[in-house]
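Colleague: Could you slot chain C onto chain G? The hints should help.
Chains as they are written, first to last, in the numbering used here: chain G, 9 to 198; chain C, 2 to 298.
Listed next, with one range per pair, are the computed distances between beta-carbon atoms:
id	chain 1	residue 1	chain 2	residue 2	range
1	G	Gln72	C	Pro263	50 to 56 Å
2	C	Thr13	G	Ala94	31 to 37 Å
3	G	Asp12	C	Thr261	43 to 49 Å
4	G	Ser34	C	Gln262	37 to 43 Å
5	G	Asp12	C	Gln132	35 to 41 Å
6	G	Ala94	C	Glu25	37 to 43 Å
7	C	Gln20	G	Lys138	27 to 33 Å
8	G	Ala158	C	Pro263	53 to 59 Å
Which stretches of chain G does chain C cover? Using the computed rule of at least three CB atoms under 8 Å from a CB of chain C, they are:
id	stretch
9	31 to 40
10	62 to 69
11	153 to 160
12	173 to 181
Think of the hints as simulated: they come from the structure by calculation, not from any bench.
In this text, a Cβ means the ideal position worked out from N, Cα and C, and glycines have one as well.
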Amino acid sequence: MQEDIEPLVRAAQEGNLSAFGSIYESFFPKVYRYVAARVGYGPEAEDMAQEVFLKAMNSLDKFQFRGPPFAAWLFRIAHNLVVDRARHTKSTSGPPVPLDEALALPDSQNVEEQALQSMDVEVLRGALEKVSDLQRQVVLLRFIAGLSLAETAVAMNRKENAIKALQHSALGALRRIMLPIVSESAARQQ
Amino acid sequence: MSNKIDIEILNTCLELLAQEGTIEACLERFPDAAAELEPMLLIASQTQHVGESIATPADAQRVGLGRITDAWAAKQAKRSSRRWRVFRPLAKSWAVAMIAVMVLAFGGWTTSTAAAGSVPGEVLYPVKQAQERIRLVVSFSDRGKAELHAKFAQERTQEIDKLASRGRSQAVMDRTAERMANHTRRAVVLMGGVLPNPVPATSDFTAPTTPSIRVTLDPASGLITISENKSSRERYVMQERFLRQYRNFQEMQERIALQTQPSQRARMEESFHRSRELLRRAILAMKALEESESRQR
Chain G
9 MQEDIEPLVR AAQEGNLSAF GSIYESFFPK VYRYVAARVG YGPEAEDMAQ EVFLKAMNSL
69 DKFQFRGPPF AAWLFRIAHN LVVDRARHTK STSGPPVPLD EALALPDSQN VEEQALQSMD
129 VEVLRGALEK VSDLQRQVVL LRFIAGLSLA ETAVAMNRKE NAIKALQHSA LGALRRIMLP
189 IVSESAARQQ
Chain C
2 MSNKIDIEIL NTCLELLAQE GTIEACLERF PDAAAELEPM LLIASQTQHV GESIATPADA
62 QRVGLGRITD AWAAKQAKRS SRRWRVFRPL AKSWAVAMIA VMVLAFGGWT TSTAAAGSVP
122 GEVLYPVKQA QERIRLVVSF SDRGKAELHA KFAQERTQEI DKLASRGRSQ AVMDRTAERM
182 ANHTRRAVVL MGGVLPNPVP ATSDFTAPTT PSIRVTLDPA SGLITISENK SSRERYVMQE
242 RFLRQYRNFQ EMQERIALQT QPSQRARMEE SFHRSRELLR RAILAMKALE ESESRQR
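In isolation and in its complexed conformation, chain G is listed as follows (with noise of 0.2 Å):
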């Protein structure tokens, strides 16, 4: 991923805007998961998403290839954005919209396919609520975003090891919170 992403980013870091724009292309979609899990989806997510193309933006010059891969260094940004957002409007957010609001199912989906979806979602989402931040953060960058392991220990700012010990017991914990419920949504399901 870092070599394809390479030549654009130095075509962007030159100036060309059309460069910056196929990373925005190859990269929106998974920083506007990783936000909308955080913080809920609606305007705020997909504005926030663009908030962080717009702090890459400005911040381009100051990427080293030396340093950290772009994908860790696009989401540490995301996720100083996210944790600023939650400073800064803690007391005055309204409720997130619910995240099955965001999925997209084709029409060709039985509307039994559709409940088992959303309620996996439902389940997630619940259960990504109980676990702890650094445990919820790594689950979001690791399956949600889809960044790799060390692109997520840079990304949190720990080393390789911390995050494979992060996502073991993260794992854990999810496993125990959601197990029963979707045994039980299958059953219901059969």
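Modeller: This is chain C only, laid out in the frame that chain G set:
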């Protein structure tokens, strides 16, 4: 194996899954840990699936790209102005020398005039581009540069019109439309405006009611009403350029209506709509700028 899955085993399996491996393959590889491993891998896989199924709002992505493009143009304009400030004392004489070289190299006034009427793809078009760049270099004030950009935007519109009527390729027309948009953005940014993202047309057009005349813009039709305001003469000039640009579009529309060949007509229409949307955005930006200034007053 303890009842707690080894951290390394779990990570190895997650890496395998990321490389299109299957849960079954992981369990076969670590049979002693399979009972503990399976539910955790299932959770990881399900989470990943949920993440992938989250739709990215296409509108938000498009709007974001617009914001980035505008911020990028503003950044470039700022950078360019910073760079030239250092050389300002020297730049004028340098530019005069460049013009002299141009005149000598390209055969003087006749060539320059011929180049002025050229369109992209023609031999003299690079001369025209060089002339425009020089004019931008010798214009030191933001106001002067903005006027030039507005003029060049209008020039690009006329080129699109010519290209369309001569049946040139869509790619050439698109590139020209993009140049037109860039000039327009720079003009707006240099005038202190921020280019907003396209919004649905509204009917909030209000005619001037006081004798102190100002510019009003109808975002629905793109029509600009200009009136004299000596304190913002430079803006008046820019608005006039945009108005002329708008009139060019009207003429293009008339020519499209007269075009009988369907494929040619379709291409002209596509180019027209694309260019006109870019212009509409610039007009909205000017309107926003006017409104903001009006509030400040």
